[in-house]
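For the protein sequence lines, the chains are R and A, in the order given.
First residue of the first sequence: 821, per the numbering used here; consecutive thereafter.
First residue of the second sequence: 11, per the numbering used here; consecutive thereafter.
Source of the hints: derived by calculation from the structure; they are not laboratory data.
Please read all numbers here as calculations on a predicted model, not as lab measurements.
The C-beta atom is built at its ideal place from N, Cα and C for all residues, glycine as well.
Please note that a few of the clues may not be correct.
[What the hints assert, rightly or not] Pairs of lysine to aspartate or glutamate, DMTMM-like flavour, derived with a Cα cap of 25 Å:
1) K976/R <-> E164/A
2) K172/A <-> E956/R
3) K174/A <-> D151/A
4) K831/R <-> E956/R
[Unchecked claim] Listing some non-contacts, in silico: residues in chain A with all C-beta distances to chain R over 10 Å:
5) A36
6) L38
7) P45
8) D51
9) R52
10) A64
11) Y99
12) Q102
13) K109
14) H124
15) E127
16) L142
17) L150
18) V161
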Amino acid sequence: MLKALLSSLIKDLLKLLSGHKDFFAASASAREKILESEIPEIAAYFQDYFKEAEGKKVLKDLKNAILFAQKKEPPEGSNGLLKSLADYLSKKFALLLDEKKAPTPKKSHFTKTLAHILNIMDYREISQEIENFIHEIAAVPYTLVQSATHLDLREKNLIRQELQKKESLIFPIFQVNRSLIGGMRIFLAGKTHDESWFYKVNRLNQL
Amino acid sequence: MEGLTKLGINLQSIILYLVNFGILLAVLTKLLYRPIIGYLDRRREEIKNSITEAERLKNEFQKKIDQIHKEKEETHATLRREIEEMKKYTEQKKAEMVKEMELERARLLEQTQHEIEKRKQELIAQAEKKLLELIKKITLDILQNKIPQEVIEESVKDSWQKLKSSIN
């Protein structure tokens, strides 16, 4: 999934750069407009990167991204492209994934690939791949949110936003665990924060 | 004299008898009386010697007996002393052994009490653990099967509020 996603993103970016050869000479606001016209779905998440990046840096990041997609090279810590992608996935795409809703419009390769992924893979598979990717890019800790019942979209988003205050690229995976009986449990950065009823009943041992 | 002649006793016979008696006496004296006297003297001497010897032996024997009595007394005294000492020693050892046994008894008693107490605590802990397990089982059963869904959903929201503060 990741390889397809990166390939489609790189295609879109290369298309953008080949179509706008003076991109790096343009002003910040002009670059912003170009991004919004070419890759509207993800433009907001790449604004900051392209606002300040130079051509050489972008090409270097692109090359690293290609080699990373082919699993020939690890991602570089300074690769702003990959970080921007991680930012999009952990925020905007996470909402789409919760709703099982394909991004619109589907004019770019990237959004088409996202729609295809949402069609053929399930929540668990997609979440796991995204979490692994973000962990590789930015060493963000694995985060799992288990609840006794299904959380609605609003609740998931609130939790996600709260967790992302601690670490911006956190991509929590939501899971229903009926054995908790009630309440919720969060695994974050190697620690367990447990407010489930099951945990509270088991603490009776410590009376 | 005629009377004596009627009896058949005459002077010649008498003299003959007297000479005969005298010869007999002499012969008897020489052959019998002297040996017998000599034998009796020797015998007296022997008896006297025997008596003397017996006296001497008796004295010696008496001395020996006295000595033996003395030694016996001394031995008895020594034995009595040793018996006394042995008695004292035995008494002392008995007292020591009794004291040791008392100490050992007290130690065993304390150890047994300690073990009983330990076992009691273990049993209490086991019983408490089993009781807690039972309480947990009953509680989980009630929570899993008797609590309405809305309450569970509410609990998820409440727990997120608590977790929010602990995470931050």
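### Task
Classify the label on L38/A as holds or violated, using whether its beta-carbon is more than 10 Å from each beta-carbon of chain R.
holds (144 Å)
- chain R versus H124/A - minimum CB to CB distance exceeding 10 Å, so not interface: Given that every Cβ of chain R is farther than 10 Å from that of H124/A, nearest at about 27 Å, it holds.
For this session: Would you assess whether Q102/A, listed as outside the interface, keeps its beta-carbon beyond 10 Å of every beta-carbon in chain R?
Result: Nearest chain R Cβ is 60 Å from Q102/A, so the label holds.
(message) The output says E127/A does not contact chain R. Does that hold with a beta carbon cutoff of 10 Å?
(response) Given that every Cβ of chain R is farther than 10 Å from that of E127/A, nearest at about 23 Å, it holds.
Note to self: Does D151/A sit within 25 Å of K174/A, going by the straight-line distance between their CA atoms?
What the structure shows: Cα-Cα ~28 Å, so violated.
- Task: Determine whether the non-interface label on A36/A survives the test: each CB of chain R must be over 10 Å from its CB.
- Result: holds (149 Å)
| message | Is the claim that L150/A lies outside the interface with chain R correct, judged by CB distances over 10 Å? | response | violated (6 Å)
Below or equal to 25 Å on CA atoms is what counts here, so check K976/R against E164/A. holds (15 Å)
Margin query: A cut-off of 10 Å on Cβ-Cβ distance, and A64/A was said to be off the interface with chain R. Does that hold?
Written below: holds (111 Å)
**Message:** A cut-off of 10 Å on Cβ-Cβ distance, and R52/A was said to be off the interface with chain R. Does that hold?
**Reply:** For R52/A, whose nearest Cβ neighbour in chain R is about 127 Å away, the distance exceeds 10 Å, so it holds.
- prompt: Is the nearest CB of chain R more than 10 Å from the CB of P45/A?
  reply: holds (136 Å)
Q) Can we confirm that no CB of chain R comes within 10 Å of the CB of K109/A? A) Nearest chain R Cβ is 49 Å from K109/A, so the label holds.
Violated hints, listed in ascending order, are 2, 3, 16, 17 and 18; each of the other numbered hints is respected by the structure.
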